[in-house]
Amino acid sequence: MAISESNVRPDLTKRTLNARVALFRRMGAGYIMIAPFLILFLVFAVWPIINSLYLSFTDFNGVKSGEFIGTKNYERMWGDERFIKALTNTASYVVLIVSLNTICGLALAMALRAPTALNQICRALFFLPAVTSTVAVTVLWRTIFTSADYGLANTILHFFGIKTIVFFSSPEWSIPILVIISLWGGMGGTMIIFLAGLQSISGDMTEAAAIDGATSVQRFWYIILPLLKPTTIYIVITGLIGAFQVFDMVYLIYSTVGNIGGPLDSALTIVPYLYDRGFTRFQLGYASSIAWVLFGIIFIMTMINLRLGRENK
Amino acid sequence: MVGSNRSPWLKYGIRVPVFLLAMTMLLPYYWMVLGSFKTVPELVKVPPSFFITDPTLNNFYDPLGNKPPNHILGLFQRLTDAPFGFLTFFLNSLFVTITITVLSLLIASLAAYVLAKVQLPGREIIFIVVVASMMVPWQVLFIPNFLTIKDLGWINTYQGLIIPALPKAFAVFFLRQYMKSLPDEMLEAARIDGASEFRIFGQIVLPLIIPALSAMTIFTVLGEWNNFVWPLIVVQDAEHGTLPLALSRLNSTIFSGPGTQGVLMAASLLASIPTVIMFLAFQKQFVEGIALTGQKG
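Just so you know, the protein sequences line up as chains Y and E, in that order.
Just so you know, the numbering used here puts the end of the first sequence at 297, numbered straight through with nothing missing.
Just so you know, the numbering used here puts the end of the second sequence at 342, numbered straight through with nothing missing.
A few of these clues could be false.
What the hints assert, rightly or not - Which stretches of chain E does chain Y cover? Using the computed rule of at least three CB atoms under 8 Å from a CB of chain Y, they are: (1) 139 to 146; (2) 167 to 175; (3) 219 to 233; (4) 253 to 259; (5) 294 to 307.
By construction, these hints were calculated from the structure, which means they are not laboratory data.
Idealized CB from N, CA, C, for every residue including glycine.
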């Protein structure tokens, strides 16, 4: 008992002991600091992932606990006409909005890149819809596109001699309306990210090219665009991920008319369909499996993003 | 030679359509403000007026009450199942947004500090799980979270609205990356001086991460103020409803009524004003925040 004490210098034991105590105290403080986040994170982010995966293999309907039915939900999806319809509608919406949003955002950034006072005002105007709630924006556009003769869209059409269009009952207009609303709401944000990308391109290169006689089109195509590639990839991928998740607009426009999918399901997209299955019909098991298919799509997008991002570094 | 490819035509030729487009961007806003202050007869006039002839506050509150065809109930006279009508929804949004923003960023910065600067067994695993969870969309989480809230008996409560929104993985990830860049020597010096971790966090780290925190604050406020899906699922009564729910209710109940556009526009206007003011006041922080986080609200 006394042996160890005599072997070591007493002040050294004390010092290591103090260091130990300090270390434990620091670790204790660390656990206390991370605990609030960690507990909530486990309950509301980790557990639901596990639970959702389990639910997707059951026929849970909210009332009695679901039976395990294997991959039936996933098999059922490919025979579900409405799901396929939702998938194809979402695909055409996504392709349209992502390409238009990227092109318009880039065009705006190019046009407004000089930091003049007028350009600053224009930038703020284009960004304004991004800070307005989607719900308010959708209600606003609903009154604009109303079929009543006092609606703004139809008034403009009448001015050009075009007859009244009943926008919300015409299947061919369903996707274009969603694209118009989200383009109006989204291109300002895209412009800001492109402007940040443009800022990192040094003016020397484009000036040198200009002195060598490159036209502005050539300078854009051969110098600016290749240098903006990482920004463009980022915008396209995050745009794809966001567009696949469209919900608010579709719900607000069409659920009030009776069918969340709009006329002939022409506006039916994945998330509103998931909501319809889960919270209107309470097929929570089936809805969960749709959510996991959506996750699969988003996961693939993210992986492409990471791969392309690494290649461009 | 140089001047030849900078012809004024090309220079201004691109600008003119952009400025026209900027004006078109404003048109819906103009329409919203205009509609909020039009009288009912002016709202249903064909063709509609583009300049207001007889501005009124009747869409907000009509002292004459419901007397068709020229007078209908104003915004603050509707949604009567809530204690203070529309105001209830507005105050709920304010309360829920501020609470979520303050609490979620507090717990996120505490967690980020530990993940960035405190040697702790298991912190690498925690960080990996947090980053991985960012890939999972809310659609996967919202069904099981709804079931949790139901089991806890938190449907139609403030805690049902607030607590599931508190753990924000992106905020932890972003703040942790930001704190990584703070020099370790500074913190070690404070530790040798005997400062506790809480003191180091509060007095040294917190003041240094203000740029990152303000960016996160802006996006959290914006996201929560405009959040629609979660309140839609966990709140069915009027007492705990937030602004997007008020708009959604009006949208589904009175949209097709004659002259009700004015009330809808008034509601949209009031719901948009706070975030628009926030944007105009913190424009610089907004733009820097987008560049910093790559998020766009």
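Okay, the hints, checked on the actual structure:
no.: 1; hint: 139 to 146; result: violated (count 0)
no.: 2; hint: 167 to 175; result: holds (count 4)
no.: 3; hint: 219 to 233; result: violated (count 0)
no.: 4; hint: 253 to 259; result: violated (count 0)
no.: 5; hint: 294 to 307; result: holds (count 5)
The structure does not agree with the numbered hints 1, 3 and 4 stated previously, though it agrees with the rest.
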